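Trainee: Spelled out, the chains give:
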Amino acid sequence: MSAPSLNRPALPAFAVWLVVLAAAALVLLPIAARYAETPYYVVLVTRLLIFAVAATALNLVLGFGGMVSFGHSLFMGIGAYSVALCSYFGIGNGWAHLAFAIVVSAFAAMATGAVALRTRGVAFIMITLAFAQMFYFLVISLKEFGGDDGLPISMGSRFGFVDLKNPTTLYYTTFGVLALLIYGSYRLYHARFGLVLRGCMINEDRMRALGFPTTTYKLVAYVLSGCVAGISGLLLANLTMFASPSYASWTVSGDLMIMVVLGGTGTVMGPAFGAFAFLLIEDLLKRFTDHWIGGVGVMIVLIGLLARRGLWGSLPGRPR
Amino acid sequence: ADLKIGFLATLSGSIGAMGQDQYDGFMLGLEQMGGKLGGKTIEVVKEDDQFKPDVGVQVAQKLISEDKVPIITGVSYSNVMMAINKKITDAGVFLIGSASGPSPMAGAACSPLFFSTSWQNDQMSEAVGKYATEKGYKKIFAMGPNFQGWKDALAGFRRYYKEPFVKELHTPLNQMDLSAEMAQIALAKPDAVFAHYAGGLGVNFIKQYRQAGLLGKIPLIVVATVDGLTLPALNETALGVMTAQVWAPDTDNAANKAFVEAFEKKYGRIPSNFAAQAYDSAKLLDVAIGQVKGDLSNKEAFAAALKNAKFESVRGKFAFNNNNFPIENFNLLEVGKDAKGRVSMVTKGVLLVDQKDAYHQECPMK
Amino acid sequence: MLLAVDRVESSYDATQVLFGVSIGVAAGDFVTLLGRNGMGRSTLINTIMGFIKPRAGTILFDGKPIQARPCHEVARYGIGLVPEGRRVFPTLTVYENLIAFQRGERNRAAAWTVDRVYKLFPRLKERKGQLAATLSGGEQQMLAIARALVTNPRLLILDEATEGLAPLVSEEIWSSLRELRREGLSIIVTDKNLKPLLDLASRHYVLSKGRVVWEGTSEEFNGRQDELKAYLGV
Amino acid sequence: MLGSLFIIQTLNGIQFGVMLFLLAAGLTLVFGIMNFVNMMHGALYMTGAYVAATLYNKTGLFVMSLLLVVPITVAIGAVLERFVFKHLYDRDHLDQVLCTYGFILIFNEMARSFWGPSPYFMGMPDALSDTYEVLGVGYPVYRLVIVAAGLLAAIGAYVLIHQTRFGMLIRAGASDRAMVAGLGVNINLLNTMIFGLGAGLAGLAGALAAPILSVEPGMGETVLILTVVVIVIGGIGSVRGAFYAALIVGLVDTIGRSMLPFVFESFLSSSLAGAAGPAVASMIIYLLMALVLAFRPNGLFPVRGR
Amino acid sequence: MNGVNPALSTRGLVKRFSGVLASDNVDFDLLPGEVHAIIGPNGAGKTTFIKQITGEHFPTAGRITLGDTDITRMRTDRRILLGLGRSFQVTSVLRDLTVLENVILAVQAKSGHSFKFWHRAVEASELREPALATLADVGLRAKADLPSRVLAYGELRQLEMAMVIASNPQVLLLDEPMAGMGTVESRLMVELLQSFRGRFSTILVEHDMDAVFALADRISVLVYGRIIATGSPAEIRENPQVRASYLGEAA
Ligand SMILES: Nc1ncnc2c1ncn2[C@@H]1O[C@H](COP(=O)(O)OP(=O)(O)OP(=O)(O)O)[C@@H](O)[C@H]1O
Ligand SMILES: Nc1ncnc2c1ncn2[C@@H]1O[C@H](COP(=O)(O)OP(=O)(O)OP(=O)(O)O)[C@@H](O)[C@H]1O
Ligand SMILES: [Mg+2]
Ligand SMILES: [Mg+2]
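Protein chains in written order, with the working numbering: chain A, 1 to 320; chain B, 1 to 366; chain C, 1 to 234; chain D, 1 to 306; chain E, 1 to 251.
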């Protein structure tokens, strides 16, 4: 009898190549953009990368844990306002921004998660949505901090000599965060915690019967995911030098969900690809018709109906 | 084309009506001048910000560095305006707003490259505040949705109205049904009600005010609540509502008569003030570009040309203040019937003459 | 033949489970499907019912082809099912589980009505207002049988007829099935207790790996016990 | 004055609750009974409003316009169910969310294309736009019509679900669709009918709301979230729960909104009260929901047996 | 009790549902290492009894002790950590995970906390070794790396058992483990349970009398929520009351 293998899911060779190529292209892009004098593309791709971070964060709960959160824009909003509020009070230290974003995101995730995770299925989806809306309307009513007009940011996040104000720095920082996040979620997927999380997704009752306090695990995942989404909000704030309640609007949550599904729910690489694909398609549609929102709608319906494994998951060999 | 101009506004979704009116007004102006401004053929690059500031920043960036436009115009809502204005002017691109005028941009954050052909957001409520004082109302019931615009409006109103309010309400922004508030008004029996509900909220408000039997009984003074965009949805329901504006379809001058006629002919509807302001921005650009003969490389020269441009505004007299916001008159308007018997805004008099906004002194430009 | 299954092939997604299965049930027949776990008995039953569409083959009920008909039509032709795993409706009471599906009672003198099944299972009458979710396993099995009966079928199919029933109750079930057969009902049964099946049934089909490997009467079965042991693991 | 305000607000709360119930009843059927996440319920509400407004503007017949909305939205719902949503029942919630979310965008865009981006006009006949004197305050007659219509719908829905065989079949289908079919019931038709029913109720709610609210693209979204809160509080899938929860939410929201400022003023400085009041008011129903869930995770009246 | 501490015991256990007394003053002792079968008519309250031990229902009155601990109102997952193991019907293995991962989860559950975010669970020898050993116990070692959804019915039941025993419970609760099994599979299961003899204290609820008589050290008979008899298999088989109310000809 051969000893059971270590169960390392092999990434198909071409998938490895695809990732390497994509990474290489992303690394080279700012340099190419400088030569071609098209700085716009750096800004454009930074935004794509930021949403890729957020989508990957959402995937931690949605793809690994089966928690269909329709309120992840909440954390993007919190991340963005962390920067804006710090800047408002004259704090330009990036570490302070980061700490603030993470602490507040974690706290919000803990509070909302504790309530939302008492429910399942439809109720969970809707409660997360409701909480995000609550935050949205709260921010809108805060006159002091710009209300619905939003809050311009005068001091971006400065981490020592790394100043996110510089578009190229921001670009590479975001890229680094994404790369780290993807590797991290790959590790998490196979680690004990990830295994428990996946178990909860498949059959929570069974996991409880095995002796796992499942709600605790799900809550930790939710908090983790919220913090990462908070970081994506911080990056977005640095990109636009502006924080707006609309970062937390429910359509953003919807978009994030679409990105995850389009890329491949529960895969490690998928959500990032999904984010790129979705935003680029949206951009493309916009060029063709004024009714592009309807076009996006049709696309989403088709994704819901057809894309069972998503772009990444549909590649031959079903890479993770 | 000799020159590219970026048109950036909120065009999609249910909130896109204002951007569409701005676009139509601007394009009408351009068309009337044969597709040329200042003698130069113009290519308009239209971009939609989707009412999202982050998208606004992105498309602004695209206009600046991809299309390399020297001028961006339009911009519908304050939240997008606040997000993009610095990006644009810092890049040395001129920004001509035709709708939104948030207070920081009139004050400390003013810029030599930014011009407005509309007004600063508080000013309409200043005008109606003056009206309330003139009418001698002692008990005013004030209500609006709990957001920035309403708080600015209150501040503006307060500058010209000193009596205490009998009640000041801030309703949640997502609250559609206002019956509870109508009951409070009925019980409070104020001299008048001052309200600020924009867009669809305004339609809700007016309909419910009418149905509660209050319209006609308690005078209603509003800002932003009825305008050319929402009036078709209200129709006769809104008859008798009082408001203030720099422009109305019946504003009495030749330029305006021509504009309204052409607009109705082309688009089959009465233009809103947003269309009129955007039309003015086309006129403004025409004169200024002509002045510098299409050469925008000298920013100071072009800024001066804009600032001193003499053009026939549809609102009548027009001049820029030190902060590049207009100095203009605010008229009292009532929802009534126009000459053709349609429900429209009817001018009832002038409230403020050559009004300057409250923030211009904070602007370092002199 | 009331039911004629002819060379039916069925599969779940890509995996084929039935390979050319043919069986026949005449009016008044009592037929068993025998075989070890996973040999395809439930799949055959699901195919007859129309839950699964066969890839090939025909199924005639009363001479009419039913293999392409939707499930509810098949049931309406007169096939009553007691499914594997009971599948009672948990949010309905016992009474609602029955009354909602009672039909055809006007066409026959000795028809099954809710009252009549209560006589068969007095336990259900005691529990008639209780939600099916809270019934014990055996009570649910009784309800599943009763629910199939009140549709007044011509062919009754019981998949795992006595699963979870106490020995005494199982005996009652067998004697009621004998009774039903006497009334002219045709019956298909799977069950793990061979002895009562051999006593009751007129015909047996032994399935192995999705094929009918043997068919015959109880006498024939008893005559070849040793050989069939391999298939049944008795 | 506080006393009569309280009574009027109670009336307003009931009216608001009844309106919410019309929406919640349809949605709870689809959520709970079909276990289908229908995000586009609000879009059907919007459709109802637009159709009613268009019919009334064209014909001038008010009651007929409102009533005609029901068959039209039922048909729209049924068609969508037949051709699209049917394929999603056995899929996970995520796919359902996406598909129906996509339809929100499509419906909004269609409304924008047909009726323009600005709000659309809907008036009402003079007879209904009168007010009725209650404690010295004019109470709109039309609001009483809404209360009556909503109560009728509530009674109808309750009888349908709990007293009829159709209702039993619907509830049975919620737990095991295939088995219902296996017992001879055309489950596809049943599903189409439930979905149609839900759509019809949403359409009716939209039609009733059209004369009071602004008819515009996207009007369904805010209402959707509120409706969902009602359903979650009431217990998903329970029509009875939806009814009580709708009334509770309606009353708490309305009375809370108008009474909170008085409460705050009594122990806070007036400027602080002015700031805290609206902020709390906008969150009050979410707080209510969190409170309910903290004690009863399945809502106040969960469907038993699941 | 001959001085032996029972592994699990209940005293005066009462469970009342509206109108039904599902447990009526049940005093029950499970001795260390024994297989104690509970039989009785349908609806007698066997499952209800098990559910009170697992914590799915709380008793109306009475006490449950596991070893020395009172667990009457304890949460389910805490009970599991204290050494309670329970079998489920087949559908409850985690179908998208591999066989090994399923068992590893069971080991992990017992090992305390799983807040480890970095190292592969399947490579951790403190999880892997016991999991593989358990798989060998139930005869599934060779299939460790297959996704569990491809297993045959009988194998799924083996996996289910592996998950239950992987956490090395002191008390094993088996509610109708033979349900839905054919003759062969039932016999294999009996053999498997035989091989565990003495390792766990087991409560077995089953209507398959062949299995019960083959496995049980003692049998209790539950009728209308009450234990009417407890004794060796031989005693129970001869008990006239039990024959009349439950066994019928089967004896
Ligand atoms: N839903 C399904 N998807 C995929 N394969 C299935 C499904 N249901 C059954 N199978 C497979 O089909 C084969 C036949 O199963 P079936 O349920 O028909 O067997 P059976 O003879 O009824 O046995 P049992 O005693 O287990 O009920 C088995 O190998 C089983 O694994
Ligand atoms: N929630 C409840 N409400 C009302 N009655 C209940 C409830 N749960 C169980 N019962 C009743 O309690 C009795 C005992 O049920 P239990 O499931 O314990 O029986 P059991 O001994 O396991 O029977 P079986 O061998 O048929 O599985 C049954 O009559 C059942 O109908
Ligand atoms: Mg079977
Ligand atoms: Mg039981």
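Think of the hints as simulated: they come from the structure by calculation, not from any bench.
None of the values given here were measured: they were computed from a predicted structure.
Mixed in with the good hints there might be a few duds.
[Said to hold, decoys possible] In silico DSBU-like links for lysine-lysine, alpha-carbon gap of 35 angstroms or less:
1. B:266 - A:286
2. B:266 - A:165
3. A:286 - B:162
4. B:68 - B:348
5. A:143 - B:293
6. B:257 - D:58
7. A:286 - B:348
8. B:86 - A:286
9. B:257 - A:143
10. A:143 - B:266
11. C:53 - D:86
12. B:307 - A:143
13. A:286 - B:135
14. B:310 - A:165
15. B:257 - B:189
16. B:348 - B:293
17. B:257 - A:165
18. B:348 - A:165
Trainee: Next, verify each hint and record whether it holds.
Mentor: Right, here's what the structure says about each hint:
A distance of roughly 25 angstroms separates the Cα atoms of residue 266 (chain B) and residue 286 (chain A); the hinted pair therefore holds under the 35 angstroms criterion. A hinted pair counts as satisfied when its Cα atoms are at most 35 angstroms apart, and residue 266 (chain B) with residue 165 (chain A) does not qualify at roughly 46 angstroms. For the suggested pair residue 286 (chain A) and residue 162 (chain B), the alpha carbons sit about 49 angstroms apart, so the restraint of at most 35 angstroms is broken. This hinted pair does not check out: residue 68 (chain B) and residue 348 (chain B) have alpha carbons roughly 45 angstroms apart, beyond 35 angstroms.
A C-alpha spacing of about 44 angstroms is found between residue 143 (chain A) and residue 293 (chain B), which places the hinted pair above 35 angstroms, so the restraint is violated. Simply put, residue 257 (chain B) and residue 58 (chain D) have alpha-carbon atoms about 32 angstroms apart, close enough for the 35 angstroms limit, and the pair holds. With a CA separation close to 43 angstroms, the supplied pair residue 286 (chain A) and residue 348 (chain B) exceeds the 35 angstroms bound. Of the pairs offered as hints, the one joining residue 86 (chain B) and residue 286 (chain A) holds, with about 25 angstroms between alpha carbons and a cut-off of 35 angstroms not exceeded.
Between residue 257 (chain B) and residue 143 (chain A), the direct Cα distance comes to roughly 40 angstroms. Violation of the 35 angstroms bound is thereby established for this hinted pair. For the proposed pair residue 143 (chain A) and residue 266 (chain B), the alpha carbon gap of about 41 angstroms is over 35 angstroms, so the pair is violated. Annotation: proposed proximity of residue 53 (chain C) to residue 86 (chain D) holds, straight-line Cα distance about 18 angstroms (limit 35 angstroms). A distance of roughly 32 angstroms separates the Cα atoms of residue 307 (chain B) and residue 143 (chain A); the hinted pair therefore holds under the 35 angstroms criterion.
Using a Cα cut-off of 35 angstroms, the hinted pair residue 286 (chain A) and residue 135 (chain B) is violated, with the two alpha carbons roughly 50 angstroms apart. Proposed proximity of residue 310 (chain B) and residue 165 (chain A) is contradicted: the alpha carbons are some 40 angstroms apart, above 35 angstroms. Pair hint residue 257 (chain B) plus residue 189 (chain B) does not hold up; C-alpha atoms about 41 angstroms apart against a cutoff of 35 angstroms. The hinted pair formed by residue 348 (chain B) and residue 293 (chain B) fails the criterion: a straight-line CA distance of about 41 angstroms is larger than 35 angstroms.
In summary, the hint linking residue 257 (chain B) to residue 165 (chain A) is not supported, as the alpha carbons are separated by about 49 angstroms, beyond the 35 angstroms threshold. A hinted pair counts as satisfied when its Cα atoms are at most 35 angstroms apart, and residue 348 (chain B) with residue 165 (chain A) does not qualify at roughly 51 angstroms.
In summary, the numbered hints that this structure violates are 2, 3, 4, 5, 7, 9, 10, 13, 14, 15, 16, 17 and 18.
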